[in-house]
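A.B. asks: Protein chains in written order, with our numbering: chain A, 1 to 436; chain B, 1 to 270.
None of these hints come from the bench; they were simulated from the model. It should be emphasised that the depicted structure is a prediction, and the values quoted were computed from it without experimental measurement. Treat the hints loosely; a few may be bogus.
Quick list of the computed label-pair ranges, beta carbon to beta carbon [as the list claims (entries may be wrong)]:
1) Arg-152/A / Gly-137/B: 49 to 55 Å
2) Arg-50/A / Arg-5/B: 22 to 28 Å
3) Glu-204/B / Tyr-32/A: 55 to 61 Å
4) Arg-106/B / Glu-97/A: 38 to 44 Å
5) Ile-11/B / Glu-97/A: 26 to 32 Å
6) Arg-34/B / Arg-50/A: 42 to 48 Å
Note that the Cβ used here is the ideal one computed from N, Cα and C, for glycine as well.
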Amino acid sequence: MARRVREGPEPLGADAEAALAALPEDSAEELYESAPCGYLSTLMDGTIVRINGTLLEWLGLERETVVGRMRFADLLTVGGRLYHETHFAPLLHMRGEVSGIALEMRTSDGSRLPVLVSSVVRQGGGGSPSLIRATVFDATDRRSYEEELLRRRREADQARAEAEQERLRAEADRARLTEALAVLRKSFLPDTLPDVPGMETAAYYHTASPDQLGGDFYDLLPLGDTRWVFFLGDVSGKGPEAATLTSQSRYALRAAALHSPEPADALATLNTVLLDRYADNGDPRYCTAVFGVLEPGGDTGRARVRLASGGHPPALVVRADGRADFLPTPGGMLVGVLPDAHFATTGTTLAPGDTLLLYTDGLTEARTGPGSDSLYGEDALRSFAADHAPSTPGDMVNALTELLRGFGDGLGDDTALLAFGVPASRPVTDTPPGKP
Amino acid sequence: MDVLRRNNVTITGVADGPVVVLAHGFGCDQNMWRLVVPALAERYRVVLFDYVGSGGADPSSWSEERYSTLEGYAQDVVEVCRELELDRAVFVGHSVSAMVGVLAARAVPERIRALVMVAPSPRYIDDEGYRGGFTAGDIDELLDSLESNYLGWSSAVAPMIMGTPERPELEQELTDSFCATDPDMARVFARTTFLSDNRADLGEVEVPTLVLESARDLIAPREVGAFVHSAVPSSRLVTLDATGHCPHLSAPRATTAAVLDFLEDLWPAG
Numbered sequence: 001m002a003r004r005v006r007e008g009p010e011p012l013g014a015d016a017e018a019a020l021a022a023l024p025e026d027s028a029e030e031l032y033e034s035a036p037c038g039y040l041s042t043l044m045d046g047t048i049v050r051i052n053g054t055l056l057e058w059l060g061l062e063r064e065t066v067v068g069r070m071r072f073a074d075l076l077t078v079g080g081r082l083y084h085e086t087h088f089a090p091l092l093h094m095r096g097e098v099s100g101i102a103l104e105m106r107t108s109d110g111s112r113l114p115v116l117v118s119s120v121v122r123q124g125g126g127g128s129p130s131l132i133r134a135t136v137f138d139a140t141d142r143r144s145y146e147e148e149l150l151r152r153r154r155e156a157d158q159a160r161a162e163a164e165q166e167r168l169r170a171e172a173d174r175a176r177l178t179e180a181l182a183v184l185r186k187s188f189l190p191d192t193l194p195d196v197p198g199m200e201t202a203a204y205y206h207t208a209s210p211d212q213l214g215g216d217f218y219d220l221l222p223l224g225d226t227r228w229v230f231f232l233g234d235v236s237g238k239g240p241e242a243a244t245l246t247s248q249s250r251y252a253l254r255a256a257a258l259h260s261p262e263p264a265d266a267l268a269t270l271n272t273v274l275l276d277r278y279a280d281n282g283d284p285r286y287c288t289a290v291f292g293v294l295e296p297g298g299d300t301g302r303a304r305v306r307l308a309s310g311g312h313p314p315a316l317v318v319r320a321d322g323r324a325d326f327l328p329t330p331g332g333m334l335v336g337v338l339p340d341a342h343f344a345t346t347g348t349t350l351a352p353g354d355t356l357l358l359y360t361d362g363l364t365e366a367r368t369g370p371g372s373d374s375l376y377g378e379d380a381l382r383s384f385a386a387d388h389a390p391s392t393p394g395d396m397v398n399a400l401t402e403l404l405r406g407f408g409d410g411l412g413d414d415t416a417l418l419a420f421g422v423p424a425s426r427p428v429t430d431t432p433p434g435k436p
Numbered sequence: 001m002d003v004l005r006r007n008n009v010t011i012t013g014v015a016d017g018p019v020v021v022l023a024h025g026f027g028c029d030q031n032m033w034r035l036v037v038p039a040l041a042e043r044y045r046v047v048l049f050d051y052v053g054s055g056g057a058d059p060s061s062w063s064e065e066r067y068s069t070l071e072g073y074a075q076d077v078v079e080v081c082r083e084l085e086l087d088r089a090v091f092v093g094h095s096v097s098a099m100v101g102v103l104a105a106r107a108v109p110e111r112i113r114a115l116v117m118v119a120p121s122p123r124y125i126d127d128e129g130y131r132g133g134f135t136a137g138d139i140d141e142l143l144d145s146l147e148s149n150y151l152g153w154s155s156a157v158a159p160m161i162m163g164t165p166e167r168p169e170l171e172q173e174l175t176d177s178f179c180a181t182d183p184d185m186a187r188v189f190a191r192t193t194f195l196s197d198n199r200a201d202l203g204e205v206e207v208p209t210l211v212l213e214s215a216r217d218l219i220a221p222r223e224v225g226a227f228v229h230s231a232v233p234s235s236r237l238v239t240l241d242a243t244g245h246c247p248h249l250s251a252p253r254a255t256t257a258a259v260l261d262f263l264e265d266l267w268p269a270g
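Work out the full structure, taking the sequences as your base and the hints as a guide.
C.D. replies: Listed below in structure tokens is the structure:
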């Protein structure tokens with residue numbers, strides 16, 4: 001069955017037509033005078049020539065005091081007049097119309113009426129002057145809503161400004177902290193390694209985090225005769241407490257070296273220092289360290305090394321013939337735990353081309369593998385060194401630095417490297433410049 | 001950014017003629033002068049510009065610090081004068097620009113030989129023995145009005161309009177953007193304009209000055225015009241039969257005639 005398609009509204013029934021005809025007439029004049037908005041017309045200089053009853057009622061004014069006697073700007077608050085003169089009037093001149101400008105009018109009882117004004121210029125023709133026609137809407141509700149929005153925005157702006165200040169303050173704090181930590185960290189290490197006659201030396205310190213102090217330290221210093229003392233260690237923990245301990249350990253070992261350079265004695269001295277300082281305060285602290293004495297062999301080209309270890313990973317010797325072996329120091333105990341700690345001593349001789357490497361466990365305990373779940377380990381380190389043998393101390397440290405960089409996030413701890421060795425081919429006579 | 005682009009400088013008129021610089025006041029931009037430019041351009045080289053923070057000037061050159069004092073605006077004038085190598089030009093400043101002209105003429109006297117002050121006021125807020133016509137509270141009301149009326153300003157559109165007045169397809173945008181100013185910049189300009197006090201500077205004006213006042217001006221009433229005239233040593237006062245603060249819009253012919261009279265005395269036709 002076909003349905004009727006509707007086109008447009010249903011025609012009014014006869015009853016509705018009759019009802020419409022019975023409505024009161026809404027004349028244009030009536031609409032102008034009593035419209036729900038204000039109307040006014042002015043000459044181009046603003047002189048009001050016509051105004052409707054609605055606006056007069058809103059403002060509490062009489063027609064005869066307004067028409068021909070007041071200008072549009074006179075209806076406004078003083079601030080509104082400033083805005084009218086600097087923006088509204090120029091815009092109206094430029095465009096011939098403006099719409100929705102928010103202003104405030106003054107009423108006869110002194111209160112303010114927020115309004116929205118739209119104006120249009122009606123060009124005069126045939127001797128009649130141009131007019132400006134304006135409609136005025138009561139914007140009290142809208143204005144209070146806008147003011148609420150503005151207030152919220154100001155609050156948000158202020159909150160944002162405060163947050164920004166807070167961020168800047170935090171950034172400055174962090175910069176100060178980083179700077180303080182950098183200064184403190186420098187106390188763990190010599191500024192530069194001294195030149196040891198007949199030997200080559202190299203060192204590297206990897207900082208795991210700029211705002212977290214680790215606890216690795218090393219040093220290399222002359223004993224006053226031909227001998228040199230070297231040491232490298234790693235204190236337990238992190239943070240300011242560990243940093244204090246690190247600095248103390250380094251200076252305790254320097255002092256001990258000058259007192260008695262016997263490796264096991266120096267570690268015993270450090271052991272005593274740490275026990276005195278930390279054992280009684282309920283916060284035991286300890287470290288691992290290798291301490292040794294180096295005797296460069298002068299003309300023989302062979303350097304003797306004697307070292308002691310307190311719980312530290314073994315030193316690695318990389319020989320000129322390509323071998324790489326640990327110097328085992330079994331049984332060496334942690335420094336700072338027991339009063340009568342035992343420290344294992346060992347020694348070796350470095351021939352030309354040999355390099356001795358000391359390191360902290362940041363290297364061997366770096367996490368590697370697909371899931372970062374296995375440790376790099378001493379075997380891998382030995383293989384790595386063998387692959388790079390023979391090597392100078394500088395080349396070995398550089399290769400290891402690259403290795404450390406390759407660990408990326410797997411390298412969670414500070415790591416110190418210290419290497420020294422006898423150069424492979426010592427010049428026997430002076431070589432003329434430019435002819436290697 | 002070069003100064004001419006930064007201040008959206010427009011040059012028209014007789015290329016080698018005597019130079020007249022027209023400076024807009026607080027509110028809109030150089031388009032305020034559009035009804036007087038044609039007559040001036042017949043005999044003079046007319047230089048128009050927008051202060052940074054207004055009209056088509058480069059908003060990225062604006063800083064609150066610089067434009068919180070009238071010296072900052074005067075610096076714009078000085079830099080435009082230097083860039084164009086102006087020599088003994090006449091500076092016509094509307095409203096607050098009249099005071100900017102006083103400061104600029106003092107800074108580069110060799111470049112500015114005379115001033116025209118259109119509807120000037122050296123101080124808007126009443127003071128002891130002085131009636132500027134406003135209270136500090138009135139100025140706050142104006143700032144509120146600025147905040148309530150963004151006038152179509154949009155941070156997205158402003159850069160597009162900036163510095164491209166020669167493109168005819170942007171004519172509509174120029175009309176639309178007229179008086180549309182970044183509200184933050186407008187606020188600073190309003191405060192600087194209405195809270196400044198340059199009464200003491202008027203006595204130091206050393207160049208011939210035309211004070212052009214509107215007979216019915218709510219912002220710069222006649223007693224302020226009289227004050228300016230009496231304070232500026234070699235000044236002439238002309239009262240225009242005009243209503244409103246912008247006689248160059250509401251009575252452009254009378255305004256132009258008064259300016260041309262003054263220029264004629266400075267540069268008598270040969």
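A.B. asks: Could you run down the list of hints and mark each one as holding or not?
C.D. replies: Here is how each hint holds up against the structure:
As the Cβ distance of Arg-152/A to Gly-137/B is approximately 24 Å, the hint placing it in 49 to 55 Å is violated. Our hint of 22 to 28 Å for Arg-50/A and Arg-5/B is violated, since their Cβ atoms are close to 48 Å apart. Between Glu-204/B and Tyr-32/A the beta carbon distance is about 56 Å. The supplied range of 55 to 61 Å therefore holds. The hinted window of 38 to 44 Å between Arg-106/B and Glu-97/A holds, with their beta carbons roughly 42 Å apart.
Distance hint check: the CB atoms of Ile-11/B and Glu-97/A are about 31 Å apart, consistent with the given range 26 to 32 Å. With their beta carbons about 30 Å apart, Arg-34/B and Arg-50/A fall outside the hinted range of 42 to 48 Å.
When each numbered hint is compared with the structure, violations occur for hints 1, 2, 6.
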